[in-house]
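K.L.:
Take a look at the letters that make up each chain.
2 protein chains.
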Amino acid sequence: MPGGEFRPKAFAGEVVPFFVTAFREGHDLIGVHLRLFSPSGDESLHRMVPLGDGFDRWSALVSLLEQGVWSFRFEGFADDYATWEHAAELKIPAGVDVPLMRETGALLFDRAVKEKGRPVAERRALEGAAAALRDPLVGDEVALGIVQDPAIAAFFADRPLMSLVTVGATNELLVERERAGVGAWYEFFPRSEGAKRLKDGTIKSGTFRTAAKRLPDVAAMGFDVLYLPPIHPIGRKNRKGPNNTLDAGERDPGSPWAIGSTEGGHDTVHPDLGTLSDFRAFVRAARSAGLEVALDLALQAAPDHPWVTEHPEWFTTLPDGSIAFAENPPKKYQDIYPINFDNDPEGIRAEVLRIVRHWIAQGVLIFRVDNPHTKPLQFWEWLIRTVTAENPDVVFLAEAFTRPAPLQGLASAGFQQSYTYFTWRNTKEELETFLSGLATETADFLRPNLFVNTPDILTEYLQYGGRPAYKIRAAIAATGAPTYGVYAGYEHFENVARPGSEENIDNEKYEYKLRDWPGTEERGDSLAPYLRRLNEIRRAHPALLQLRNLRVHWSDDDAILVYSKHLDAALSPTGAADTVLVVANVDPHSVRQTMVHLDTRLWGVAPGEPFDVEDLITGATWTWSDHNFVRLDAFNEPVHILTVKGR
Amino acid sequence: MPGGEFRPKAFAGEVVPFFVTAFREGHDLIGVHLRLFSPSGDESLHRMVPLGDGFDRWSALVSLLEQGVWSFRFEGFADDYATWEHAAELKIPAGVDVPLMRETGALLFDRAVKEKGRPVAERRALEGAAAALRDPLVGDEVALGIVQDPAIAAFFADRPLMSLVTVGATNELLVERERAGVGAWYEFFPRSEGAKRLKDGTIKSGTFRTAAKRLPDVAAMGFDVLYLPPIHPIGRKNRKGPNNTLDAGERDPGSPWAIGSTEGGHDTVHPDLGTLSDFRAFVRAARSAGLEVALDLALQAAPDHPWVTEHPEWFTTLPDGSIAFAENPPKKYQDIYPINFDNDPEGIRAEVLRIVRHWIAQGVLIFRVDNPHTKPLQFWEWLIRTVTAENPDVVFLAEAFTRPAPLQGLASAGFQQSYTYFTWRNTKEELETFLSGLATETADFLRPNLFVNTPDILTEYLQYGGRPAYKIRAAIAATGAPTYGVYAGYEHFENVARPGSEENIDNEKYEYKLRDWPGTEERGDSLAPYLRRLNEIRRAHPALLQLRNLRVHWSDDDAILVYSKHLDAALSPTGAADTVLVVANVDPHSVRQTMVHLDTRLWGVAPGEPFDVEDLITGATWTWSDHNFVRLDAFNEPVHILTVKGR
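Quick note, the sequences are listed as chains A and B, same order.
For the first sequence, the working numbering assigns the number 190 to the initial residue and increments by one for each residue that follows.
For the second sequence, the working numbering assigns the number 190 to the initial residue and increments by one for each residue that follows.
Mixed in with the good hints there might be a few duds.
Remember, identical chains collapse to one label, so a pair may be satisfied in a single copy or spanning two.
[Unchecked claim] Here are the simulated lysine-lysine pairs, DSBU-like style, with alpha carbons at most 35 angstroms apart:
1. K698 / K280
2. K303 / K521
3. K521 / K385
4. K520 / K393
5. K280 / K305
6. K426 / K388
7. K280 / K426
8. K520 / K698
9. K521 / K280
10. K520 / K426
11. K303 / K520
12. K280 / K520
13. K702 / K385
14. K426 / K402
Keep in mind that the hints were calculated from the coordinates and are not lab data.
For clarity, every value in this text was computed on a predicted model and none was experimentally measured.
Just chain A, with the same shape it has in the complex:
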């Protein structure tokens, strides 16, 4: 999109920091207000605090509860009380202009007394103070006491004596529903859940009915969103066999992303999975279990998709008359035709809108968009704007595994969530930069969804890091951002890759997976209990369900990563402050011990002051201060998730 303007966004319940650079000429002091207008028209005024970093930046933290379009502006003003207080505090003890300082203060208090809306008690106190400042029998030391009186300062902190008010431009901020920003995602292939090996050795597909039996387990692990790969008919032509081979057998199910066959296209359910009515029942069953279903939106077609004959103009016809396959030269994806958006953009827009509305009508409000960076940015901007105008609860997640500019461009264009580079950020230094960047630089427009694995991504870290690697990555994903995700099989430490690739061998994209969920857990070979605990911790700790409060702390070891997430009592939905400290050994092959160094002021603890922490994984408790010894055994518990108690 030429230009690149975008409207910042937040989610309902998000604690958003507002920043502004404000200063005035000369030495007089100023104050700054943030004025907010909620979608329903409520107006509120927030006093901003100077950051004191020498750059004249001011900030205010506000929890935005209501979904919809907010507007806000900054208002600067001469703070006449503060200017007087600063001068009088220096000049009265120095004996400079003392009568003038006393009279100036008295006049300010006179002015304050006359202001509308000042409480009676406050007015009386100020009348008394003005009289004392003017009384020649009152000594200068007493006058200085009035200048320095914290009670009087508090009156003016609440209701400053303003002049020369300067009002900034009004800006908009879009607040979307909470699930746009907060959620634990789980991904499974419904065809694998309840699939059965028949006596002849072939496998019978799972269905929506059999997959629904797994919903209580997923919900019991504490997940909020269940994401399904495409559920549509799969092309027969050029169907892929196991391990991405070109010679699929008769019973090989093919890749769900090769969408469309004579059985139908994007608006149809794969007959193996059941009927549209079965799907609706599945969505209802998920909702009863506390899970919201997310569907895949992959805008591409198998060669036998109905679009190919009905709308050949939606594809690229080559000079030899053939239709172009998806490719990354010299590699080809023979089971997929990409869409060409240039020949009939209006026709494609209408069809995609029809499909999205169709699935919304079946109860789906979340779409995980496949490869959005291979489609025009303007198309997505239009689609998301159009769909959310009809239903503001719809959420689109961008699977934008691409360069930073297009990834951020898609987020700016309106995607509510984005996959990120999380899977490839594994060292302490990488994670420090990555997590800090998500919480600050891009948080106004990009909401990360930290999937630990996907059917396309099994990183070397997981391939070679053993079981500790799976714990480490899950703990960081679950606490490093308010939205994260797990693709089924992660619990079973499925860490064998197809040689030379970064994905699982015998990839579920091309075949059914029969997994023994209860048996593996009973044998103690499952990560499910750990994931369950992580999700419990998230639900109990609202600080973890915020994006912008992550702060990196320090350790003397190059593999011990330290960060905190803190929420003030006044901003917390529980009314109590919440602080979580994560101390992670990101080297899955080692036992590390080191000192960690904390900026405890972030949660209101003075440097050196002790405080109690409890490890939410093991239940261990310690008394900590700003410098603490830590030992983390990757083979036992590689990560401390600590809560700061009684603060």
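Fit chain B to the known structure of chain A by using the hints.
P.N.:
Just chain B, lined up with the frame of chain A:
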């Protein structure tokens, strides 16, 4: 200013880098053009180059010669030749889609042949290439040769085969006259130049006539601009005596910044200096010598300024009826009343505009604005806009020794130049950050003027660094930015401060200075020859007269600072490339030796390749490469200024 939008600026002859983030969906390749419209309406198209840094940034370097408002926009397009070339180069050797690749190329060439404006020779070559690609008797290896033919690539580099052109928004860029960005400044107090000690021990003021005798010397040192502190009548009331004392004697001249007396105000010349006609003659004499005169614009008044009785509303009246002095509590400046811009903003604007027009009518086009950060930003924005609309050659320099936000705010509001923190950036690390920042982060709106000293600033570095410190700071100022300045007395190493202060003892602000310019130079005790050489080097090396081309290089020593300034031949006013390397020992008390490490690719030399350099200070020559040994004796020559020869 609420909002904070500003129009970027440059100076005539400045080489400006344009940057844009551009990408498209999918894998097809794109190109980007910068389209420029000069103030006189000429249109030009510049092919942008991908930076290749993974962030989809493109750049083009353009030398903007014409003064006035330019406009520009970015245009992205699908680069159909590049997409084909990339695919064919991979697929033909792999035997994939070979006939299709050949026919696709032939079709592209057919299309190119039909385009208007393609030279006949180019068309013939493309017709032949298309025929060969289609000829079954021509082998695939020959076809691959056509794909990789650099001559054909060059046709499309000049005139790409474009489709899906996307045009960005049009933006403006203000190009001001060269002197707004380039100049060597010299500051002297005219009352000191030609002042004489009388027999009774008192001093007779210099005049414009006596000061004019010094103009040839200043010009011979190679300076371009002569800046004069205020030349107006000086208040008698509360006049300051030597060393800022409160009891001035009858013959003490007072501070020139305490402007106004019964003899007149800002539109009047101090009678001791001569008449307005004398001033005009001085300006003419300066111009004949090659010097442009800059005047001080200090918007404040001595207590006996005519404004005080005529316009008491332009000042702040205190509750006790007195007018407020300038102060920084508890300090007071008893010889100065600051202006209050709030009571009669229109009246003040009219008066200041009258004064500025008055001095423009006397031949002054440069104003050094005293303490602009104590006056409203909106006022400056209005004044500069109004004055430059009448005369676009007027230049305002902001003496904004304040925090970064107001300093940058004033620059954004329109000031053509700004004093900076240069005097307080003395270590290698400080200077690296400082000079890089000026060349990149703020260069679109802030032009630095690197004064090495002022009547208000004698840093500890100069107080205690001895004569080497004076050389080091002058060399870095003269080469680190295209505009720098020197206040008279620097040549004489005047390094004694008033105890406890950061300014010269017996400060010229409060008294006359009798300096023996020729005698000191004859004795070999003057820095004038060094300054003269620095200014010669600047004039001979156009790379030094650019702001944005500074790049920091590396050394293994914590006091050896290394930077380069390079200008390509195509962008240079001489038509020849120009490269200057500065290697400075910034520790004035030491002899240092170390390796320096250079990114020689910046001036077109491959890593490891040798090149010849000449030291422009000593005339020494060496053969260098990317890693070089350097020894810098602060007590002899602390700075190498090297030119890269034959490139």
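K.L.:
Next step is simple, just say for each hint if it's right about the structure.
P.N.:
Now the hints, each set against the structure:
{"no.": "1", "hint": "K698 / K280", "verdict": "between (77 angstroms within a copy, 27 angstroms between copies)"}
{"no.": "2", "hint": "K303 / K521", "verdict": "between (79 angstroms within a copy, 32 angstroms between copies)"}
{"no.": "3", "hint": "K521 / K385", "verdict": "within (32 angstroms within a copy, 91 angstroms between copies)"}
{"no.": "4", "hint": "K520 / K393", "verdict": "within (32 angstroms within a copy, 89 angstroms between copies)"}
{"no.": "5", "hint": "K280 / K305", "verdict": "within (31 angstroms within a copy, 79 angstroms between copies)"}
{"no.": "6", "hint": "K426 / K388", "verdict": "within (28 angstroms within a copy, 112 angstroms between copies)"}
{"no.": "7", "hint": "K280 / K426", "verdict": "between (89 angstroms within a copy, 23 angstroms between copies)"}
{"no.": "8", "hint": "K520 / K698", "verdict": "within (18 angstroms within a copy, 77 angstroms between copies)"}
{"no.": "9", "hint": "K521 / K280", "verdict": "between (80 angstroms within a copy, 11 angstroms between copies)"}
{"no.": "10", "hint": "K520 / K426", "verdict": "within (18 angstroms within a copy, 87 angstroms between copies)"}
{"no.": "11", "hint": "K303 / K520", "verdict": "between (79 angstroms within a copy, 33 angstroms between copies)"}
{"no.": "12", "hint": "K280 / K520", "verdict": "between (79 angstroms within a copy, 9 angstroms between copies)"}
{"no.": "13", "hint": "K702 / K385", "verdict": "within (9 angstroms within a copy, 101 angstroms between copies)"}
{"no.": "14", "hint": "K426 / K402", "verdict": "within (32 angstroms within a copy, 95 angstroms between copies)"}
In this structure, none of the earlier numbered hints is contradicted; all agree with it.
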